[in-house]
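S.K.: So you can see what is in the structure, the chains are spelled out below.
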Amino acid sequence: MIPAFANFLVFVGLAGLLGGMVAQRRLAGLTVPGSWPVWACCSALLILVGTGLQVGTTLTVLGFTAPADVLDYLMTTRPGRAALTTLLGTALLLAVEVGHWPAWLSLSVASLGVLFTLWGLAGQGHGAEHGTFTRLAHALHTGLMALWVGGVAALWGGRTRDWPEAARAFTPLAVVCVVGLSLSGVIMSLEHAGPLTHWFDEPYDRLLMVKLAIFVVTLLAVLQVRRHLTRLAKPRLALTLELVLLLVVLGVTAVLVTSAPPSQSSEMQQMQM
Amino acid sequence: MNKLLPLLLLGTLSLAQAHTQVTSITPNAKVAVTAPKAVLLKFSEPIELRFSTFRVMAVPTGQTLDDAAKMALTLKVDAPELANVPFTATNMAARLSLALKSGLKSGTYVIAWKILSDDGHPVSGQSTFHVK
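Residue numbers (numbering that gives the first Met the number 0), protein chains in the order written: chain C, 0 to 272; chain P, 0 to 131.
In isolation and in its complexed conformation, chain P is listed as follows (with noise of 0.2 Å):
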């Protein structure tokens, strides 16, 4: 038994995640797709969309995907410049569903967003669909 004991203890353990990430979004960056009603987002374990930014924005002609992403986070949550509808939530979630403006004009959209990880530490990132 005392042998087994650190085997045990070793066998609860498993292999860490980095901080929280985004792991799937719909639509797809590589397809394009005709005017969609919402973006969906998934996180790699439920955050705290109280402390989270989302920003849903036609990238600008000439500018960087980079560049759209941080000006659409400066953005207030009703600009008109936005592509998504305001958005306020103050539960956790794993899954988050981003309500879009109707008839979004054909382009490039970037979706930016600022998550609080679970482990207490920022995270942002960004991403992009195409519309028809």
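So here's chain C without its partners, still in its complex pose (with noise of 0.2 Å):
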């Protein structure tokens, strides 16, 4: 369960990171405790303390824990490589957050910040084994998922003085990202499920479905609190709720992710460990 949970850690970390810093230039206005330069701190926090886990869990399982071992890991593998560019993404979106640079500079750091954390986040798992447009499918279901989640810890854990008008600003955000995770979710699905006939053939493919039950659970989340935008006070409960569904929602991707997609058996005895 460690490599799950250090996913899942990465998962809220780049949510944080990338949501928060959208919420934050999208919702003018919107305050979160602290201030936004500490929420962008803690979120790659996270994402420094996940990819950690990960790597570290790797190479113990494997007995190779000597630094020369972790050099070589992060180096000369495809998974090793993949998380230095996520941690070089993560470094890049910090940057932006916490320094006061132009809008012209700002904006371009943070693209390539964008471009190299989901790409790496993409080569970790996988994403990497079927080739670019996997990958890139990948990518943006990663973007998006951060977007989503943290766009709505953002309006949940903050301030704002018009709670309506920073609901309507998220709503195409929102919208944006939920079509964008269905198609890029098909495509991985008929990826790593196979057709759709086959989708409760193995436990990998019901863990699956369940992701997309509780997606769906969240669909409906989310029109409860469509139905205050018209109301001053925060719908704090319906929000909570919205939020704790997405977060499970990142929990079962973030044990999909490290789960064996069904292929054929093996007549040897072989195990992920």
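Among the clues, some could well be false.
Here are the computed distance ranges between Cβ atoms for each label pair [unchecked claim]:
| # | chain 1 | residue 1 | chain 2 | residue 2 | range |
| --- | --- | --- | --- | --- | --- |
| 1 | C | 34 | P | 41 | 12 to 20 Å |
| 2 | C | 55 | P | 78 | 22 to 30 Å |
| 3 | P | 92 | C | 205 | 30 to 38 Å |
| 4 | P | 22 | C | 175 | 36 to 44 Å |
| 5 | P | 69 | C | 110 | 45 to 53 Å |
| 6 | C | 68 | P | 31 | 34 to 42 Å |
| 7 | C | 195 | P | 22 | 44 to 52 Å |
Simulated pairs of lysine to any residue, SDA-like, Cα-Cα distance not exceeding 20 Å [what the hints assert, rightly or not]:
| # | chain 1 | residue 1 | chain 2 | residue 2 |
| --- | --- | --- | --- | --- |
| 8 | P | 100 | P | 129 |
| 9 | P | 113 | C | 64 |
| 10 | P | 36 | C | 62 |
| 11 | P | 113 | C | 1 |
| 12 | P | 104 | C | 66 |
| 13 | P | 113 | C | 196 |
| 14 | P | 113 | C | 210 |
| 15 | P | 69 | C | 75 |
| 16 | P | 75 | C | 244 |
| 17 | P | 113 | C | 69 |
| 18 | P | 69 | C | 56 |
| 19 | P | 104 | P | 59 |
| 20 | P | 113 | C | 63 |
| 21 | P | 75 | C | 63 |
| 22 | P | 41 | P | 104 |
| 23 | P | 75 | C | 66 |
| 24 | P | 113 | C | 68 |
| 25 | P | 113 | C | 62 |
| 26 | P | 75 | C | 90 |
| 27 | P | 69 | C | 76 |
| 28 | P | 75 | C | 64 |
| 29 | P | 75 | C | 67 |
| 30 | P | 113 | C | 56 |
| 31 | P | 113 | C | 71 |
| 32 | C | 210 | C | 196 |
Don't read these hints as lab results, they were simulated from the structure. Given the structure is predicted, the values throughout are model-derived calculations rather than measurements. Yeah, the Cβ is synthetic: ideal placement off N, Cα and C, and Gly gets one too.
Dock chain to chain to rebuild the complex, using the hints, since each chain is given by itself in its own frame.
M.R.: Have a look at this one:
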């Protein structure tokens, strides 16, 4: 379960960093406890800890824990390089958040940071195994998930003078996220679980269906939040429900990332560690 | 063309494989053989040998295969209990020939491995062969 927990930390950190970054700019006047730089630092720390835990767990299980092994893993293996790329992108995003740079420079570095972070994350699991197109789908899926979860978390935990305006400003972004997540999710499911008729065959497939079911329930929770767009008070209960459901989706995704997709069985006794 | 594009995109997808697996091993577990000089392993995709461990060991009397495999993987690369010649490699490979010590005694041998799957997940496994 440690690898799944590590992935969960990374996903939550990315949601905080990337989603918070966009929410801060799109939802003018929204403030979060502490400040936005503190929010970004905490998020980046989660990504760092999660990535470190992933690399550390893998190397410990394999029995290669010397400093030279860690360096070799990070520099010469595909998952290692992907982890480094993720951290590089995270560092760029953090620099944008805590630095006071001209707008053009912030935008350029942030774009680079987003590309590096998402491309790195997409290269650490099943996304890396099936070519550029699938890896792009994984990167897109991860990015949209982070935008949605981070935006909802900022709305839930942040303060705004005008709740309806902030919620309305977030709605188009959330719609884009839902549509994009659905499309990229279908592509990834076809890739990893095969045709629709096979989507209940293996434990991986069934977990995928659980994720889909929770996603649908989350959409119902979103509708509940939308009913409050005309009211002045923030719908704390409905927002909490949406956020909790989104975190559950992140948790299931983290388990999926570390699970083996279905394939033909082998005569040898083999197991994931 | 608009209708064809999604089909073209889906056509580029192939059914995913699970984590990297050992797909075949020689000698075969079902046949007793005269003392082999090497064990040949083939993988479902190239693996990083730098982060992989392979051990061959005679199964001690009274021990299960699982326990023997676990024990073999904890032994040092040059441990006298091992039936394979010390092996180190840093390249990527889809097949591996693991040289064995000469004159293996008759009995059951376990082949145990820990490999780094291409998606970054560690995978362990074991197989056996019998020497006449």
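S.K.: Now, for every hint given, state plainly whether the structure supports it.
M.R.: Hints, verified against the model:
One distance hint, 12 to 20 Å for the beta-carbon pair residue 34 of chain C and residue 41 of chain P, is violated here, with the actual separation near 56 Å. Between residue 55 of chain C and residue 78 of chain P, the C-beta spacing of about 26 Å keeps the proposed range 22 to 30 Å intact. For the hinted restraint 30 to 38 Å between residue 92 of chain P and residue 205 of chain C, the CB-CB distance of approximately 35 Å keeps it satisfied. Taking 36 to 44 Å as the suggested C-beta distance range, the pair residue 22 of chain P and residue 175 of chain C conforms, at roughly 42 Å.
Take residue 69 of chain P and residue 110 of chain C: their Cβ atoms lie about 49 Å apart, and the range 45 to 53 Å holds. Distance hint check: the CB atoms of residue 68 of chain C and residue 31 of chain P are about 38 Å apart, consistent with the given range 34 to 42 Å. Evaluation of the 44 to 52 Å hint for residue 195 of chain C and residue 22 of chain P yields a failure: the beta carbon distance comes to about 28 Å. Simply put, residue 100 of chain P and residue 129 of chain P have alpha-carbon atoms about 15 Å apart, close enough for the 20 Å limit, and the pair holds.
Simply put, residue 113 of chain P and residue 64 of chain C have alpha-carbon atoms about 14 Å apart, close enough for the 20 Å limit, and the pair holds. For the given pair, residue 36 of chain P sits about 27 Å from residue 62 of chain C by alpha-carbon distance, which is inconsistent with the 20 Å threshold. Of the supplied pair hints, the one linking residue 113 of chain P and residue 1 of chain C holds, its CA atoms being roughly 18 Å apart against a limit of 20 Å. Distance restraint check for residue 104 of chain P and residue 66 of chain C: the Cα-Cα separation of roughly 39 Å exceeds the 20 Å cut-off, and the hinted pair is therefore not satisfied.
This hinted pair does not check out: residue 113 of chain P and residue 196 of chain C have alpha carbons roughly 34 Å apart, beyond 20 Å. Of the supplied pair hints, the one linking residue 113 of chain P and residue 210 of chain C is violated, its CA atoms being roughly 31 Å apart against a limit of 20 Å. Proximity of residue 69 of chain P to residue 75 of chain C is assessed by CA-CA distance (about 28 Å); at most 20 Å being required, the pair is judged violated. At roughly 48 Å between alpha-carbon atoms, residue 75 of chain P and residue 244 of chain C are farther apart than 20 Å, so this suggested pair is violated.
For the proposed pair residue 113 of chain P and residue 69 of chain C, the alpha carbon gap of about 17 Å is at most 20 Å, so the pair holds. Between the alpha carbons of residue 69 of chain P and residue 56 of chain C the distance comes to roughly 18 Å, so the proposed pair stays at or under 20 Å and holds. Only pairs whose Cα atoms come within 20 Å are accepted, and residue 104 of chain P paired with residue 59 of chain P is accepted, the gap being roughly 12 Å. Using a Cα cut-off of 20 Å, the hinted pair residue 113 of chain P and residue 63 of chain C holds, with the two alpha carbons roughly 11 Å apart.
With a C-alpha separation of about 13 Å, the suggested pair residue 75 of chain P and residue 63 of chain C falls inside the 20 Å cut-off, and the hint holds. Taking the CA atoms of residue 41 of chain P and residue 104 of chain P, the gap is about 25 Å. The hint is violated against a cut of 20 Å. At roughly 19 Å between alpha-carbon atoms, residue 75 of chain P and residue 66 of chain C fall within 20 Å of each other, so this suggested pair holds. Straight-line distance between C-alpha atoms of residue 113 of chain P and residue 68 of chain C comes to about 15 Å, which keeps the hinted pair within the 20 Å bound.
Restraint check for residue 113 of chain P and residue 62 of chain C: satisfied, since their Cα atoms lie roughly 9 Å apart, inside the 20 Å limit. Simply put, residue 75 of chain P and residue 90 of chain C have alpha-carbon atoms about 39 Å apart, too far for the 20 Å limit, and the pair is violated. The suggested pairing of residue 69 of chain P with residue 76 of chain C is violated, with an alpha-carbon distance near 25 Å, which exceeds 20 Å. This hinted pair checks out: residue 75 of chain P and residue 64 of chain C have alpha carbons roughly 15 Å apart, not beyond 20 Å.
Under the criterion of a C-alpha separation no larger than 20 Å, the hint pairing residue 75 of chain P with residue 67 of chain C is consistent with the structure, at around 18 Å. Using a Cα cut-off of 20 Å, the hinted pair residue 113 of chain P and residue 56 of chain C holds, with the two alpha carbons roughly 14 Å apart. Distance check on the hinted pair: residue 113 of chain P and residue 71 of chain C sit about 18 Å apart at the alpha-carbon level, within 20 Å; holds. For the suggested pair residue 210 of chain C and residue 196 of chain C, the alpha carbons sit about 17 Å apart, so the restraint of at most 20 Å is met.
Hint violations for this structure: numbers 1, 7, 10, 12, 13, 14, 15, 16, 22, 26 and 27, all remaining hints satisfied.
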